[in-house]
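Trainee: All chains should be built: construct the whole structure from the sequences, respecting the hints.
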Amino acid sequence: MDKVRANLMLCAGTGCVASGTPKVKEALLEELKKRGLDEEIKLVLTGCNGYCAEGPVMAVYPDQVFYQKVTVEDIPILVEEHFLKGRPYQKLMFKEPEKKTAIPRMGDIPFFKHQVLRVLRNKGLIDPEKIEEYIARDGYQAMAKALTEMTSEDIVKVVKDSGLRGRGGAGFPTGLKWDFASKVKSDIKYMLCNGDEGDPGAFMDRSVMEADPHSVIEGMVIGAKAIGAHHGYIYVRAEYPLAVKRLQLAIDQATESGLLGENILGTGFDFHLEIYLGAGAFVCGEETALMRSLEGKRGMPRPRPPFPAHKGLWDKPSVLNNVETLAQIAPIIMNGSEWYRSLGTEKSAGTKVFALTGAVNNVGLVEVPMGIPLRTIIYDIGGGIRKGRKFKAVQLGGPSGGCIPESHLNTPVTYEDIVATGAIVGSGGMVVMDDNTCMVGTAKFFLEFTADESCGKCTPCRVGTKILLDMLTDITEGKGKESDIETLLDLGRDIISTSLCGLGQTAPNPVLTTIKYFRDEYESHIRDKWCKAGVCRNLTTFWIDEKLCKGCGACLRACPSKAIIGEKKQPHKIIQEVCVHCRTCYEACKFKSIKILPAGFEGDPSELLGAAAAGEGKKGDLK
Amino acid sequence: MPRLTIDDLKKIKEKHRADFTLREGGYRAKVTVHMGTCGIAAGARAVMTALMDEITKANITDVIVTTSGCAGLCAKEPLATVEIMNHPPVKYCDLNDEKMREIFREHIMAGNPVEKYALVAGCESTY
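These protein sequence lines map, in sequence, to chains P and W.
According to this note's numbering, the residues represented by the first sequence are 552 to 1174, in order.
According to this note's numbering, the residues represented by the second sequence are -11 to 115, in order.
Keep in mind that the hints were calculated from the coordinates and are not lab data.
Every value quoted in this text rests on a predicted model; they were computed, and no experiment measured them.
Glycine is no exception: its CB is placed at the ideal position from the N, C-alpha and C atoms.
Worth double-checking, as some hints may not be accurate.
[Said to hold, decoys possible] One side of the interface only, derived from the structure: several residues of chain P facing chain W at Cβ under 10 Å:
1) N558
2) M560
3) E591
4) R638
5) I682
[Claimed, not checked] Between beta-carbon pairs, the in silico distance windows are:
6) D82(W) with L894(P): 48 to 56 Å
7) L727(P) with K(-1)(W): 32 to 40 Å
8) P648(P) with N84(W): 44 to 52 Å
9) N100(W) with E889(P): 43 to 51 Å
Mentor: Here's what the structure looks like:
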């Protein structure tokens, strides 16, 4: 008997491995064997499923039941209940944040239900370490078609017509890039893949490389045929060991099977592919810097033109595409440009993967058609803001992007509409922030990153980001000057217009957008020495409103510096001299009786708080 | 692995069809063997083994087997529900190894429900 009646797809992406997949796998195999089910139930280790926060996750087919946070202790009862007796095990199912009812089927869980999978088409469905499983999902069919039935011009035309744009950040039309390179005459050309993925919080490329490495390879071979290249490199950061391992395994398997190397599939086309490990510098995600790094030199950008399509790696014509872009090529070749355009908008076709994180209930990777409103991603897929708090802003595009406020939540996610808000789609990092976030602090956080990662070649970026950061630091410490906001705006615009590469040209975005939408916060930091979110320690006074305090003692117990006094059931008080402004009491209070006042505030705050409450609705488009 | 041709790609796909029928759906028939405590005690395991043996021997990939808990009719266990796509599901009762094999041949393969073993037809679909 070798009939397999169920497949257990256990996630073995980086996130789930860290939360315990290896041990769960051993326990599961052992228990299945003990129950005599090991021949009829097959365990498959998949790549990243995208729902990393609740890992390890496992999908059971054909039942389509989805389990999360699977632990070794759960295994015996899970195997007995579900796999032996056919009763799906509720304890490990997804539960809606408020209702607490278990949702068994993956397709019914809101996080998955609203997604459309093209890039992530094989996530959780194949074992990325077995080339046969990729082939069984129509893998390498598109490559076969491109190599046997299509000319270079045909391929370029389909990709051009599809409207596919580079998913790495800039959104340059992929077909156009291929067109330029295919028309340049040269004995050697290079087809390159950008797997550097430097934006903090973005992990869609890692996920694709881990879960579906062959889709990247297939896209590269098709691109190589289109531009006439016979050598290629995948540039991956060394911090992605699992992605590197799976890519290497995939390259080895493909080479052994004649799907890479000499005479691919007997068609006479040659393409040799190698992995190059990057050291994880943010600037090496920029194409000219990446190519210098590949040449073994220090990764620094150079002015363009000449563009890489004419003079790229070792001054030969080169095309560099992002991982997510390349993973879309095979389905476009198979299904045509019209199919691709059936989702998305006129100028932003197809789907985009976002790394949704921050203060939302469901965090993870989400793939959605371009053009859907931000609100849908945050509320329908993300399940809204955690702990019932208020939405404040969403940061799109990582350190190069910007913060978008509530008033712009209906903005459709397209390259043009997002740029109009001052942010960028970028590589798809999406950090949601609630009303406990200080926007000046947020801008400072991203500037710390870009100032640190600036390669130092051009002055506007090297010096400019440092000055921006110093000014932001001063403002958060209470040393801000009235003229600072204008200086930040002027300097930010100067850095954008004079920097050499994308790093400097986008680094001021977090500052400019937070000033654009949250100028009042900058002003209250500078004028009133008041961080209303209570994050900047020098700019707060914590104060208990005696009218609201029930004397429950929660704050008193939580305070690490014993700064709170009071009898049970009597209003408590904070001793200001002892308070370290850590905000712990504010989080602990269930009655909202702790108020955040300006630094050094004394006297009756009722007037101030009344004004603050009235001003709450005014946030948003002030300029 | 030897070097592949375009034909080989299709062959590999065929070879893995059974697994992907489970994962992607698109099966022709689904058999649910009721494996509650009552079912197991009455011999559901032998029924399931017989069914899987028949599927293996017939070398087909479009029939899937799944389990469920007690169907609420413990006296008539072992029970199994056969669902051919777009046909009313049929529940069989008091099964054993031989009866299951007969149902496989007659109902699942030939499309004729085996009335003598059937409890009810047209109960709720599960797909």
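Trainee: Please name the hints from earlier in the document that this structure breaks, with their numbers sorted from lowest to highest.
Mentor: none
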